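Going line by line, the protein sequences match chains P and Z.
Take the first sequence: its position 250, counting from 1, is numbered 249 in numbering that gives the first Met the number 0, and each next residue is one higher.
Take the second sequence: its position 369, counting from 1, is numbered 368 in numbering that gives the first Met the number 0, and each next residue is one higher.
In case anyone wonders, no lab produced these hints; they're calculated from the structure.
Predicted, not measured: the structure shown is a model, and the values here were computed from it.
Fair warning: there could be bad hints in the mix.
The list treats identical chains as interchangeable, and a pair is accepted whether it falls inside one copy or across any two copies.
With a cut-off of at most 20 angstroms between alpha-carbon atoms, the simulated SDA-like pairs for lysine to any residue come out as follows [to be verified]:
1) Lys-321 x Glu-256
2) Lys-83 x Lys-334
3) Lys-350 x Ile-207
4) Lys-135 x Phe-118
5) Lys-58 x Asn-126
6) Lys-98 x Thr-277
7) Lys-98 x Asn-305
8) Lys-191 x Asn-168
9) Lys-59 x Asn-305
10) Lys-83 x Asn-278
11) Lys-135 x Leu-29
12) Lys-201 x Asn-14
13) Lys-63 x Met-0
14) Lys-1 x Asn-305
There are 2 protein chains.
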Amino acid sequence: MKLEIKQNILLEHLNYVIRGISTKNLRPILNCIKFELTDEGLYLMSTDGDISIKTFIDKKNIKKIDTKGEIVVSGRYIHEIIRKLPNEIINLEEVIDSKLYINTTNSSFTLNCSNVNEFPDLELEFNQNPIILNQKLFKTIINQTAFATSVSETRPVLTGINFKIEGENLECTATDSYRLAVKKIKLENKAKENSNIIIPTKNLNELIKLMNSDEENIEMHIFANKVVFKFEQIIMMTRLISGTYPDTSKLIPETYELTLKVKYDDLYDAIDRASLLTNESDKNTIKFETNKEIALISSNIPEIGNVEEKITVEKDNESEIKIAFNSKFMMEAIKALESSDIKLMFNGEIKPIILKNTESDDLIQLILPIRTY
Amino acid sequence: MKLEIKQNILLEHLNYVIRGISTKNLRPILNCIKFELTDEGLYLMSTDGDISIKTFIDKKNIKKIDTKGEIVVSGRYIHEIIRKLPNEIINLEEVIDSKLYINTTNSSFTLNCSNVNEFPDLELEFNQNPIILNQKLFKTIINQTAFATSVSETRPVLTGINFKIEGENLECTATDSYRLAVKKIKLENKAKENSNIIIPTKNLNELIKLMNSDEENIEMHIFANKVVFKFEQIIMMTRLISGTYPDTSKLIPETYELTLKVKYDDLYDAIDRASLLTNESDKNTIKFETNKEIALISSNIPEIGNVEEKITVEKDNESEIKIAFNSKFMMEAIKALESSDIKLMFNGEIKPIILKNTESDDLIQLILPIRTY
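Could you build all of it, start to finish, from the sequences and the hints given here?
Printed below as a string of structure tokens:
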């Protein structure tokens, strides 16, 4: 393998594949990046066994392709070296004793390579009819649901986001069993086959960091135990979580005893301040109580002090609500709504609280109340 | 105590005193801030026993002083509360049962107060003839020396910066016994008394974070076991480290066998890249070797690979040098020089390396070589 390439181009692609290397030292080959130079251009590949990333630099972006070939080299070192080199033409050449020689005008590095045959197969494949989504929309879906995922490994299915595809409907659900986020999307192209899969949330968070373009689309190729995402010159595979995702559809009520309309900033800031006098050990509990067009938000830590916040609310009827909830969960749900006005829906103090924005029903946030009254 | 004050003004001053509260929970009173409201204005105070901070808000910046008085309240809570309140007028009032009532249009907090009599004396005093330094210059002194301080508690005197004042000369020295930074300053006002004190580096780093103004001066009031700094409306006291600082003056040679002039960027970037193939466990050792107008900088980790960097140097004679040193120490020394050209001075491979900038002799950086050849 021998080529000449501009530093910034190589670095951009190393920045993608570096996210696929393993940070554990269990199998050293998984800390490596594979280079594959062909007549078409340069492929870079990484995998940690759970996700795989492959990216492509077209020959028109490579100054010179001298000799085709493949090498496998430490991901961390090659990435740091290329990152610190000046933005000049870099020569990369495989030399005897399976070493990679990297040089510019004033710098020359030699890195020991690993055996190409030991590098695992990335298992990237595609199907005929992928799901197609706009990248910006895809990022929004993840950002509006991922935070509600469970961080505990007790129930592995809850550490992922459930993607349910039926015809033209995509429904994404995350829950840690105390709260729930559901986002519904109409697909532009109807799916040929229905799917119901669970994608690890941490891998989706890595995936959206690879996305640069708000205009371009992303293809989602779904298989029995994996999903392959393809966008621009990047391909990323993630394993699926096996198991059955709980049916959460019955949790969302069809009617509400009371609906409040509140300003996003008023609600968020008041809860943010009230949460100052809450404890993690006490589930960050705050109380919420309406009294005509006012809602009082209060909390206390007996040895420190107490707080009472007042916000204006618009009610759909004259009933009142008195309820308690986790202030951190509520703040994350409000943030996900991304809307200047918010609807809060209640069915009494022991039933779930539902949050929506006032513009659409696409996104539903649900929080279980805490019994204190 | 009762007053009305704009949120941003109170917050600015809480941001100062919060740096003085203890982060340990050994004596809860040290986690508190003391408020003292007088006819002149509001004083805020904090101390962790090692440093003390006092700041003053003049009455002209307070909307209304209702009742004078003193309270002591949890620093962390009052700071977070004021920080999260909107930029409106805040009412602060001491109410019965020694509580502090804080309220704005929509928020009301009650915080439990501590006993004012338990709050320690800050021991702030002043002498007639303080040392006076420009704030920007003071920050520069600290930034150019502090990094060379020892982080190990084995020799406590090395965890501080030595300030030696003789007449109009101030000399600041830091060393961890592997490297040394010395900054010399001519004072505008000759000191009445000579001093030789050791100020804890971590406290100096806190002090320079309190400084906002590059134009204004700072007063340094030196006592037997403490130093009191005064600038704008802020007073900060720090204890001194007791003990005798080592005499480092003989370490700086008067003549050099070889002096090199190099470009800052060339040298820094080359060492930065070469340091990629070094190990902390191996003291980040890199080799430096001249050959006519070229210097080669090299390093290697046998199982990973090796690197050789080339830079152009200007020599004052035809002798050559071949030496090894800690690349991290060298990079920190270069950064402190803040100059586009740098002088490197050598007296053979086992004698200290001296770095200066080409404009002045005010700042000397010394690094001991590592014997490898």
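Taking each numbered hint in turn, which are not upheld by the structure, reported in ascending numerical order? 3, 4, 5, 9, 11
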